[in-house]
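Undergrad: Here are the chains, one letter per residue:
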Amino acid sequence: MTERRDGGIHFDHTELTPEELSLQAEVRAFLAAELGAEPGRRPGLGMNGAASREFSRKLGARGWLGMALPKRYGGAERSAVERFVVTEELLRCGAPVGHHWLADRQTGAVINRFGTEEQKTRFLPGIASGELGFSIGLSEPGAGSDLAAIRTRAVRDGEGWIISGQKVWTTGAHRNDYIVVLCRTSDEPDRRDGLTQFIVPLSAPGLAVHPIALLDGSADFNEVVFDNVAVGQDAVLGDLGRGWSQTTEELALERGGPDRFMSIYPVVEAFLREAEPAGLVPPGLGESARRFLGRATATFWVLRNLALSIARAVDRGESSVYQAALLKEMATRFEQDVITALIDVIDIQPVCDSPSVFERILCEAILTRPVFTIRGGTNEILRSVAARAISASSAAPGEK
Amino acid sequence: MTDSLLTGTVGEIFAAACTGDALRAAERDGFAPEIWSAVAEAGLPWISVPEEAGGEGGDLADALAVLRLAGYHGLPLPLAETGVLAGWLLATSGLRAARVPTTVASGADLAWSAGTVRGTAGRVAWGRAAEHVVVLAPAADGAMVAVFNSADLRVESHVNLAGEPRDTVHFDGAAPLASAPAGSGVSAQVLRRRGALTRVVLMAGATGRIRDITVRYTSERYQFGKPIGRFPGVQQHVVHVAQQAAMLEMAADLVCATAAADPGLTGRAAAFQVSAAKSIAADAATIATAAAHQAHGAMGVTQEYPLHTVTRRLWAWTREYGTGAQSADELGAMVAAAGADAIWPAIASGGTTLTPA
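Residue numbers (the numbering used here), protein chains in the order written: chain A, 3 to 402; chain B, 13 to 369.
Calculated directly from the structure, the hints in this document are not laboratory data.
A couple of the hints might just be wrong.
[Said to hold, decoys possible] Stretches of chain A that chain B covers, calculated by requiring three or more beta carbons in the stretch to come under 8 Å of a beta carbon on chain B:
| hint | region |
| --- | --- |
| 1 | 106-120 |
| 2 | 204-215 |
[Unchecked claim] Label-pair restraints from in silico Cβ distances:
| hint | chain 1 | residue 1 | chain 2 | residue 2 | range |
| --- | --- | --- | --- | --- | --- |
| 3 | A | E40 | B | Q201 | 53 to 59 Å |
| 4 | B | W327 | A | P203 | 56 to 62 Å |
| 5 | A | A151 | B | F236 | 22 to 28 Å |
| 6 | A | R194 | B | F236 | 23 to 29 Å |
| 7 | B | R130 | A | P279 | 44 to 50 Å |
| 8 | B | T364 | A | I350 | 33 to 39 Å |
[Claimed, not checked] Computed list of chain B residues with no C-beta within reach of chain A, every gap over 10 Å:
| hint | residue |
| --- | --- |
| 9 | G66 |
| 10 | R111 |
| 11 | R178 |
| 12 | A263 |
| 13 | S291 |
| 14 | W356 |
We treat Cβ as the ideally placed atom computed from N, Cα and C, and that holds for glycine.
Model the full structure from these sequences, guided by the hints.
TA: Have a look at this one:
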């Protein structure tokens, strides 16, 4: 359409092909058999789902992890849309995705893109089989949204490197196998230069992991301290000094997926399953609960199609950095809004140790929702990323 | 006719017609005969009405693409009413559409008896501008479609928030020009769904316009020595406008694809998606208009500046053929009836997996 300018950020509507739909049916059947049989199972909320190496191995055995990776490294050479199909079904069930989550979502892709042949051979088969768990070491006590301010430093030492510093908010570092850690390797006029990614075993001597307990009592976040951790040259991921741009690309993978609006989906499903029998809403749900359910359903439907559109664009080889930022900023607010609206609909004070699965995961959602708009880039940062693309579009009107 | 060729040409016609002066005159006079002539000459109001029923032929999807542009430009005409609504009622009941401005009336208060319609219809779009009024009214055995000459009816003038006629039409027993039993698949519910669909696409166009206007203004307006779009507080508004436009445009794309496959809108997917899209449109109308006005400051609330031509229409259209809350209620009822296990498959399939009502 000649009229359309999109503010520079366009989402093309797309549909699943028959092959993609048959993958969806396959995944649904697997998950129903695997998780559906467990009575009273408590679903996880999105990427906070439990870590189960065993469950991840089963997905790996079906070719549903590291799906886009080359076959010679154990991958399936499938598309971003196919990964989207698998991922949304996992999130819908609140499956135990914690073990493979980061490796599958981003580390595998980054190693495949920037890693050496030796690194690909060494790590990718383990990622695709669900064996290896990865953590990502970006934030530091003095460097959150201002990532270029990191002070963890890697210094050359003969053939290798010595890493010293401290990372925080590192998900899963207490249970994973490796950490990809962003370090300063040189001081340059532009702070975004001179940063380098390293792959370090979490069992390396000198590396210590301390849990950071969160307000809901969970301890999946960690502080990771590097005290003169020695690594070889083979730990360097990608080009020396190019860690910033590699990380930026990685963040696009992190931001545009279904995990940004589906964390709280299991709460909505449990609500509909339990609320009426438990007398939390009037018979027939009542007007306010129906409106809540309808609005949530409508918004899930559109957000899901926006995210699907991003996956399709990735398969066409297009950059989706701005679409992902625009989507994540509103999708995570939606996640919070759903919980706020739901609390208004039900006539109880939820208790965290209730026999009701709905009540328990509602409590978890209430306690964890502040994180939704923080993790993976705060909404303030995302708005500034999206706004840059939007105002750039105005400088060249008439495009598209 | 390819999509882009159609919309490119039509966009030029609408852009040329919808000048600030022309829109103000239309609001003052309750109709814009010159704009109507230009649009009617191109046959645009009758796209999707079959040729044998007096229309231009073409798909419903083509007609909806034209409506989206009408929404973008704030076209002050009964475009949705003449073809997609009244033309559809006429064609499906074996009647012929005339090449005149036409509107549609329905409602609980209307009834067919003794060869005519009695009762009153409120908020009839462009009632006083329409030459023909097409009615869907319940009859003793089913529903009847009847077409009236508006000169034979009593029309009270009212205007909506956008200054568009939303008149009260009294049916006092005048003889219709023609009438016939409503065609199969035609009901008050489906007419309402079709009306809601027209509002969704009009609103998608209008929200896209809001985004374009806001992006441009915040890039061109300087304060403190730089474009105001560089300030994080203003960026927030621009991003929220762009998000709502993306949401509603996606919803409109999805529902238009469904309408192309099911132009009678009787299927499960159509029911699910029209309600869902109307609910999304209501949110977009609330959030995007507020953010856009805030980003514009005082300039945005003047008559001279074009923002109000679309924001006022959004505030009006969002309450037609079901409010956002009513649409959400309908959708919530569909989903609740299907049960907890059916929610996700319905979301992922756009309602296709829901069992028929």
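Undergrad: State for each hint whether it applies.
TA: Hint check results:
With a threshold of 8 Å between beta carbons, the proposed coverage of the region 106-120 of chain A by chain B is violated, since 0 of its residues qualify and at least three are required. Against chain B, the region 204-215 of chain A contributes 0 residues with a C-beta closer than 8 Å to a partner C-beta. That does not satisfy the three-residue criterion, and the hint is violated. Look at E40/A against Q201/B: about 42 Å separates their beta carbons, and that is not inside 53 to 59 Å. Here the CB-CB span from W327/B to P203/A is close to 60 Å, well matched to the stated 56 to 62 Å.
For the pair A151/A and F236/B, the supplied restraint of 22 to 28 Å holds, since their beta-carbon distance comes to about 27 Å. A C-beta distance of roughly 27 Å is found between R194/A and F236/B, which places it inside the suggested range of 23 to 29 Å. Evaluation of the 44 to 50 Å hint for R130/B and P279/A yields a pass: the beta carbon distance comes to about 47 Å. The hinted window of 33 to 39 Å between T364/B and I350/A holds, with their beta carbons roughly 35 Å apart.
The claim that G66/B is not at the interface with chain A holds, since no C-beta of that chain comes within 10 Å of its own (minimum 29 Å). Every Cβ of chain A is farther than 10 Å from the Cβ of R111/B; the closest lies at roughly 27 Å, confirming the non-interface assignment. Annotated as non-interface, R178/B keeps its C-beta farther than 10 Å from every C-beta of chain A; the closest such distance is 25 Å. Interface exclusion of A263/B from chain A breaks down, the closest Cβ pair being 5 Å apart, not more than 10 Å.
The Cβ of S291/B does not lie farther than 10 Å from every Cβ of chain A; its closest approach is about 4 Å, which violates its non-interface assignment. Against the 10 Å criterion, W356/B falls within the reach of chain A, whose nearest CB is about 5 Å from its own CB.
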